[in-house]
Structures are given as structure tokens and as C-alpha cells.
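Q: Now for the letters of each chain:
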Amino acid sequence: MSDNGTLLSVENLSTHFFTQQGVVRAVQDVSFSVKSGRTFALVGESGCGKSVTALSLMRLVPYPPGKIVSGKITFEGRNLLGLSERRMRAIRGNRIAMIFQEPMTSLNPVFTVGNQIVEAIRLHQHKSRSRAWDLAEQMLHEVRIPDPAHRISEYPHQMSGGMRQRVMIAMAVSCKPALLICDEPTTALDVTIQAQILDLLAELQKQNQMSILLITHDLGIVAERADDVAVMYASKIAELADCRSLFLQPLHPYTQGLLKSVPQLGFTGKRLNTISGIVPEPLHFPSGCKFHPRCPIGCNDKRCQTIEPELRRVKDGRAVACWYAPGYERSDDIKV
Amino acid sequence: MKAPKGVSLWRDGMRRLFHRRLAVVCLGIIVIYFLLVAFIYVVELFNWRIGPTLWAEPTGPSYQPPGSENIFGTDIFGLSVLRKTLYGAKISITVALFASIISIAIGVPLGAIAGYFRGIVDDVIVWLYSTLSSIPYILLILAFAVVLRDKTIAGQKLTGITSVYLAIGLTGWVGICRLIRGEVIKHKEHEYVLAAKSYGCTNKRIIFRHLLPNVFHIVIIVFSLRFVSFIHAEIILSFLGLGEADRPSWGAMINDARIELARGVWWQMVAATVAVFFISLALNIFGDALRDSLDPKLKVQ
Amino acid sequence: MNTDTADKNGCLLKVEDLKTYFPIRKGLLRRSVGYIKAVDGVSFKIENAATFGLVGESGCGKTTLARSILRLIPATSGRITFDGADLLAADPSQLRRFRSEISMIFQDPFGSLNPRMTIGDIVGEPLKVHRRISTAELTERVCQILSKVGLSPDSVNRYPHEFSGGQRQRIGIARALILQPKLIICDEPVSALDVSIQSQILNLLKDLQQEFSLTYLFIAHNLAVVQFSCDNVAVMYMGRIVEQAPVAELYNNTLHPYTAALMAAIPKIQTSKQTRKHTPTGEVPSLLNPPLGCPFNPRCTFAAGPCFTDIPPLKPVLGKPEHLLACWHR
Numbered sequence: 001m002s003d004n005g006t007l008l009s010v011e012n013l014s015t016h017f018f019t020q021q022g023v024v025r026a027v028q029d030v031s032f033s034v035k036s037g038r039t040f041a042l043v044g045e046s047g048c049g050k051s052v053t054a055l056s057l058m059r060l061v062p063y064p065p066g067k068i069v070s071g072k073i074t075f076e077g078r079n080l081l082g083l084s085e086r087r088m089r090a091i092r093g094n095r096i097a098m099i100f101q102e103p104m105t106s107l108n109p110v111f112t113v114g115n116q117i118v119e120a121i122r123l124h125q126h127k128s129r130s131r132a133w134d135l136a137e138q139m140l141h142e143v144r145i146p147d148p149a150h151r152i153s154e155y156p157h158q159m160s161g162g163m164r165q166r167v168m169i170a171m172a173v174s175c176k177p178a179l180l181i182c183d184e185p186t187t188a189l190d191v192t193i194q195a196q197i198l199d200l201l202a203e204l205q206k207q208n209q210m211s212i213l214l215i216t217h218d219l220g221i222v223a224e225r226a227d228d229v230a231v232m233y234a235s236k237i238a239e240l241a242d243c244r245s246l247f248l249q250p251l252h253p254y255t256q257g258l259l260k261s262v263p264q265l266g267f268t269g270k271r272l273n274t275i276s277g278i279v280p281e282p283l284h285f286p287s288g289c290k291f292h293p294r295c296p297i298g299c300n301d302k303r304c305q306t307i308e309p310e311l312r313r314v315k316d317g318r319a320v321a322c323w324y325a326p327g328y329e330r331s332d333d334i335k336v
Numbered sequence: 001m002k003a004p005k006g007v008s009l010w011r012d013g014m015r016r017l018f019h020r021r022l023a024v025v026c027l028g029i030i031v032i033y034f035l036l037v038a039f040i041y042v043v044e045l046f047n048w049r050i051g052p053t054l055w056a057e058p059t060g061p062s063y064q065p066p067g068s069e070n071i072f073g074t075d076i077f078g079l080s081v082l083r084k085t086l087y088g089a090k091i092s093i094t095v096a097l098f099a100s101i102i103s104i105a106i107g108v109p110l111g112a113i114a115g116y117f118r119g120i121v122d123d124v125i126v127w128l129y130s131t132l133s134s135i136p137y138i139l140l141i142l143a144f145a146v147v148l149r150d151k152t153i154a155g156q157k158l159t160g161i162t163s164v165y166l167a168i169g170l171t172g173w174v175g176i177c178r179l180i181r182g183e184v185i186k187h188k189e190h191e192y193v194l195a196a197k198s199y200g201c202t203n204k205r206i207i208f209r210h211l212l213p214n215v216f217h218i219v220i221i222v223f224s225l226r227f228v229s230f231i232h233a234e235i236i237l238s239f240l241g242l243g244e245a246d247r248p249s250w251g252a253m254i255n256d257a258r259i260e261l262a263r264g265v266w267w268q269m270v271a272a273t274v275a276v277f278f279i280s281l282a283l284n285i286f287g288d289a290l291r292d293s294l295d296p297k298l299k300v301q
Numbered sequence: 001m002n003t004d005t006a007d008k009n010g011c012l013l014k015v016e017d018l019k020t021y022f023p024i025r026k027g028l029l030r031r032s033v034g035y036i037k038a039v040d041g042v043s044f045k046i047e048n049a050a051t052f053g054l055v056g057e058s059g060c061g062k063t064t065l066a067r068s069i070l071r072l073i074p075a076t077s078g079r080i081t082f083d084g085a086d087l088l089a090a091d092p093s094q095l096r097r098f099r100s101e102i103s104m105i106f107q108d109p110f111g112s113l114n115p116r117m118t119i120g121d122i123v124g125e126p127l128k129v130h131r132r133i134s135t136a137e138l139t140e141r142v143c144q145i146l147s148k149v150g151l152s153p154d155s156v157n158r159y160p161h162e163f164s165g166g167q168r169q170r171i172g173i174a175r176a177l178i179l180q181p182k183l184i185i186c187d188e189p190v191s192a193l194d195v196s197i198q199s200q201i202l203n204l205l206k207d208l209q210q211e212f213s214l215t216y217l218f219i220a221h222n223l224a225v226v227q228f229s230c231d232n233v234a235v236m237y238m239g240r241i242v243e244q245a246p247v248a249e250l251y252n253n254t255l256h257p258y259t260a261a262l263m264a265a266i267p268k269i270q271t272s273k274q275t276r277k278h279t280p281t282g283e284v285p286s287l288l289n290p291p292l293g294c295p296f297n298p299r300c301t302f303a304a305g306p307c308f309t310d311i312p313p314l315k316p317v318l319g320k321p322e323h324l325l326a327c328w329h330r
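Residue numbers (the numbering used here), protein chains in the order written: chain H, 1 to 336; chain P, 1 to 301; chain F, 1 to 330.
Because the hints were derived from the structure by calculation, they are not lab data. Don't take each hint at face value.
Here are the simulated DSSO-like pairs of lysine-lysine, each with C-alpha atoms no more than 27 Å apart in a straight line [stated by the list, open to error]:
id, chain 1, residue 1, chain 2, residue 2
1, H, Lys176, H, Lys127
2, P, Lys197, F, Lys315
3, P, Lys197, F, Lys320
4, P, Lys188, F, Lys19
5, H, Lys270, F, Lys315
6, P, Lys186, F, Lys26
7, F, Lys19, F, Lys315
8, H, Lys260, H, Lys270
9, F, Lys26, H, Lys270
10, H, Lys35, H, Lys315
Under 7 Å between C-beta atoms, here's a sample of chain F residues computed to sit facing chain H [said to hold, decoys possible]:
id, residue
11, Gly27
12, Leu202
13, Ala224
14, Thr254
For glycine and all other residues, C-beta sits at the position ideal for the given N, C-alpha and C.
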């Protein structure tokens, strides 16, 4: 994998859930790419489809009622959606690994921490039990768990939230994956532990030349840790850019509204800026641009209310889905 | 009030329940049984003078096999097996119904109190039902039935039937008490209970207004599943001869079959067994379907 | 609504040396072998119509403190004076009255509302519990309060699961307001909400405070939220207050190493890639086995000498009587 070559490329991914109440279009026409060695953040609020996107990448979407209905996921040159389940299993945990938000429920409470790491190792690597245990202890050391020789025989409930998350990270990187998907890895943790975990991830990334797909709702984390960002809203990507440009000059009204409304240290105003209205429900998405009811421009605009803007490349590797974003109308380049 | 009505969790659960065809079919079977029993009560009411003899008139020769005259055949006295089966349904379902009501009336409050107050109250109640449930069920029911048999309550002599359902009800509350206790302990920790305390709700109000409605779906589910075991309990008691001696019941029919089978008379046994089988199956499947539909956590969100 | 107070100093709530300990019981006879000191000697005052912030991470005791004030958890010792009256010594009927004057907003918008009650019932129940009120009057009050928090009065017959997280939090706020309380304890009111909704709710809380002259005890772990919402802030760590000051002073002149660490750890949008300073190492020690001396010493870069043996008392900083600090080093 050459430096900054594309490791993962997602094209027009759509995942729907077929429920009794109707079809929930959780992810619609999502396209982005992750370069090797870089951190890509997928940011959005609850229900925007970011977690479902991650699960779709790993093909872990529960089959009834969910289904990937279209799209192409190219990872290390292969289309993941065309692989058999056996081949996919060989990739999961091995080339692509995932860590989740709640370490308590993601770790099995009846097995020791060491057992679980060893299981992850032995699933993908041909190692004897004793060598796997040695490697597990080494992994615990790499994730900065103090006294790994003793901790390896502890159970998840004996550890704090931060420790458990480190164990999850150890399990995930034990096979040195090329891509690590982190689904809200620090949301359940205290702020001081959060910083430690994010530092650890950055270190491991550098050490193993790993790409990270970071899913979060915290714009601060994105600003500090990500290289590239995609902002998701109501199952679609609203804006795609490298991190610096996004925060310096957000193009989509949703991104602009978000950035203005997040409470920040040093804010001295009497009232916070807000985005009016609420996030739409997947069964009742608005027509046209999904953001239009809450958009200062779109709520009065006929075109925004009826025709949905697709994601188009605008300049310097940026893409946006908004009729009124600068450069949008001129461009006819559908971002891949 | 022009405010639109919302969709409560109940309505949502019911809606999901009725989408399952199998559950609806089973409900239909259960309803048929209940209607039959109601019908028999009505008939008895109108024929109160000749009442119980509905089944007591011989309709054919002794041990006539099933045929055109008697669809299920006849027993040793020439009594129609069909009528005996129907009457047996009345007994079994009535007993199970009353027993269920008694066990819910005892088990739910005790479970709620134990789960809510914990401490020594909980210890006492848990001790009580642990002891009861350690004694083999059959022996316990037998003991109650025998003891209650010839007693009188409020001047009324206890008939066999009454002693049966009292016995079953007084021993059957354990399961539901345990369940309710567990659920109350779980739900007590929810923030809405804390919120209720914080604005001054009394304990009584919290239990009745907040906790019980949230665990009540368990009662419904358990009701339908326990109903089956109460029917079976009644059959066992009748089989063993405790119960109404002079009225037909499924248990007595099966008891008779012990001798009859040696003589090649199979129709009484089959009739009673098939009758029990269908109601049990229907109740079990329906109970499962209820649990799947009413469990708020299984909502597809 | 509540502009007068019984106390001469204009102080609505005064907490003095509050301690809430949980006994650890072991063995067959359940003997108490030690204590978890969830709240270990906390004192502060809240002025009328002010917002007092309590900041800290998990395990610091802020939620236990809030619940001890409402006597949802029994306090072990200390004194709480509300509107001139002693809360901890109150008998059941006095306690009931206090519970109509202090209300609470909870963190979890999904768990804090009874899923089987309509929101009209949920919001109206406090009124039903405390006053004899006709159904018509109750409905009117409920509709009034719902409009005040930004919900349509048409929603009275609907159920919590039909609303979004932000809307449910508004329902919780309506429920807290309906008895016209003097003090509202906000226990992490926006932590579980989406980012774009948080600002709506924070604005709402401020507006309501102005309109009804409410006093807030605002508990949070997000320093940015606290900075916006509060007048005075206290930082808690392992059951004690380690620093307390008016909000501008705390943020411009942070003195305690833990407060500084908290500030540094917050991911910030403004400066994009920043090298981290003062990230504290290690984890919050278990309350079962607190370190000797200052509870922060295992993680503190300045720890030395007395930090390992004696707990520093909370004292005013030289020259700034409003700024309290519990640290041997400043």
C-alpha cells in the first residue's frame, strides 16, 4: 500500500431496513474513500446512518430486516460486497477491525480478558497457544495497560471503562489490520480518559501504518484527530472535505449550523446559536433536500423543497450536496 | 379535547400480535374452548332442574365405539363420551381460571412488595415461597386438597371442585410472585421511578401507578402459560380421585382408561387427551406470541 | 414567581460539610468493613436566581450529591439549609413540601419518563400529588407549561416513545416546572442529547430561568456547557470540591491541576491539530481504595511532600475571596 494510496473506496452504498412499518432507508447513496495511513471521520448526529455505514462495511448488518441494497465497497483491490461469507470472515478482525462504543457489552463477561485476545489472535494467525498468550500480553503492554502480566487474567467487570476500551483496542489491532473502524470509541468515557484513548489510537496508527475510520458525533474530536471528514445527515453525506478546510470554511448549511451551535470554551454570548427543528425520522424523510425544513435558505426555496441535491465535487477534493454551496451549480462531477 | 390520541405500548403490542397468523389461530382455538364452556354454563342455567344430568343420560349401549350414533363413543355406563368431554372442559377451564385468579391475587402484590421494599419484608416473602416451592408440587396440592376437602368456609361446605382450585391457586402463586419481584427490582432502578420519588410520590402511588403498569405485561404472559399447568394440575388431581367424584372430568376419564385400555376401549382416553392437547398447545403458542409482542425491548426501533 | 426568600443573605441553598458514605458489607453477618465515600465533606452556597455549576467526571460524586440534597439517598452527615429550613432534619410532611419546592431534571430522556403514561399524565402528576385540583384546571396548567417549553399542547395524549430525545427532555423540564419550584437541580440535562439539540435546550433553560426567576444547581461534565450556563462553578474530584470560583475567574485563572487537565482534555474545534499538554496519566482511583493525602496525587504532575499525606482543605485564594482552592501548591 503506497503512502496515501486509497485503501478503502465506498461507492453509492445504500442500506435499507425492511420493517413492518415500512422501509427505513438508513444509508442512501453514500460515497467516500479512505487513504492508507490517514484518519477519516464520519460525523453526524444520532440516526444519520453513520453506524449503519460502518456495519455495512463489515457486512455485519443484521439480515432481516437490514440489507445492503446497492453499491460497491473496494478494499485492498477487492469488492467486499461480492465476497463469500467465508472470505469475509477472513477479513473481519484481520484486515479490517472494529471497536465499539460500549466496552462492557462488547466484551464477553464470562471470559478473561486474556482469553478473548487470544481467541482473536488464533482466529487469524497460526500461532500456538503459548505464543498467542505471549502476544496477548505484549498487546496489553502496547495499549498501555499497567501490569499486563496480572491484568491478562482479569475479567471485564474488574476493569474500568477506559481499561476495557484498551482491551478492545488490543483485540482489534492484534492482527495488525490495515483499517480500524472506531464507532464512537470514547463517547462512554470520561473526558480525561477520552484524551488518553485517542492518543493511544494515534500512536498505534503511526506504529502500524493503519488507517482509521472514526465515527463520532463530537466535532471537537474530529477537529483534533481527523485528516478527512464526511458530514452525514439523514442517511446521506452532506459534505466531504479535508479537516482543515471543513472547519475553516464549511460549505453546507448543516455543517455551518452545527459548528455555530456547539458550546465552546470561551464563548461569551448570552444565547447559543441553534439549528431550529429536529432531526427527521427515517420513515418520514422530507422531500427534496432532507435538511430543507431546518435550513435558513432551504425552508423558503422551491428547488430545495422538491429536488434533492446529489453530492458533487466542488474544488480541491471537497464535495457538498447543497444547491447553494459555492461552486455547486457549475460542477457536474459526481464525487466518488 | 381535540388532542389526538397517541399510540401506547399496549396498542402497539396488540397490533404486532395480530399480525402473527399463528397467534391469531391459537387465540381462535382458545376462544372456542371458552365459548363452549360458557355455552355449557348457559345450558345448565336454563336446565337447572335437570342440570347435571345433561351428561348423565346414557345415550347408547355400554362401551360403544365411536360411530354414527355417538361420535366419540360411550363409556361403561353408556354415557356419551362427547358430552363428558365437553363437561370436562367446563371443569378444567373453570378450575384453571379460578386458580389463576387466586394465584395472581396473591402473587402479584406479594411480589411487588418484596421487590419494592426489599430488606426484611423481602426476606420473609422469599423464604415463604422458597419453602413452598421446595416441596414437590404434587404432594403439596394433594395435601391442600385433602385438608380442604371436608372443611367449610363461611358456613358453605367446600365441594370437591372448590377445594381443587383453592389448592392449585394457593400453591401456584409462587412462579408469578418470583417473576413480579424480579421485574419490580429491575424497574425500581429506572429514572422515572426516581423522578416520581423526587416530586413527592408516596410508595403506594409508585407501586400502583408506575411500577405495576410496567410489569403487568408479564402477568398477562404468565397467565396464559400458567393456565396450561393449572389445567394439567386439575387433571392430575381428578386422576388421583380428588376432585368431584360424581362429575366427569378429563382426569377421571383418563383414570378410567387405565382399565379400559386393557379391554381395547380407547376412545375415552383419546377424547380427553386430544381435548387437553389442543388447548395446551394453543395457550403455549399464544403465550409465546404475547411475550414477543408485548416485550417493549423487542420493538424494532 | 419566586422572588423572595426567607434567608437574609439571599442564599437559597446552603450545603455544609455534607457527607454521603455507602457502607461496604462483607461476610455472613454483613458487617460493615469500610465505606465508599461518595461525597466527602462538600460545602457550598447557591444564591437566589443564580446558577451554580458542579463539574466532574464519573465517580466524582456529583450525582450522589444531587440525590442527597433531595434525600433520595440518605446523607450520612452534614447540614443542608433550604430557604432557611433544615432539609436533613425535616419530617415526612415537611419533606413532601420541600419536594414540591425543589425539582429535578434527569439526564436520560428515555429512562426518566414512564413509558406507559401519556405525557399529559407525566407532566401533570406532580400537581396531582401535591394539590387537590380539578381535571380541567390540571389540563390547562399542563398545556400552559408544555407551550412554555416549546411543545404543542396537542401532544398531551401521546406517549414518550413517540417523541425524540430533545423533545423528551423538554417534557422532563415541563414536569420539573409545573409545581413552580424555587430550585431546580439539573443532573446532566443535555449530555444525552444530540449536539444541535443541546444548544436549544440550554437556551430554553436560560429563558425559563429569566422568566420565572429560577435557581439552578447545574451538574455536568462538559466544561463548555457549564461555562455558558453557570454563574459559579465548583469542580469535584472523588467526593470533594477541589476548586470553586465565579465562572469567568475559573476559566481565565485556572489554578487546580485537575481543572487544568479537564480543560486541556476537551477536544476543541478552534485549533485543529494541537499537541496535547497536561493530559493526566492513569485513571480515577477506585473509591474503595482512595490514595492517601490529596486524592489527585497519583495523577498530578506537581505532587510532592504534603500531597501524599494530608488532604488539602478548600480555602480562598490570596486576594480573591470568591475563588476557593484545595491544593498544597498554590
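Q: Hint compliance check: list the failing hint numbers for this structure, sorted ascending.
A: 2, 3, 5, 9, 11, 14
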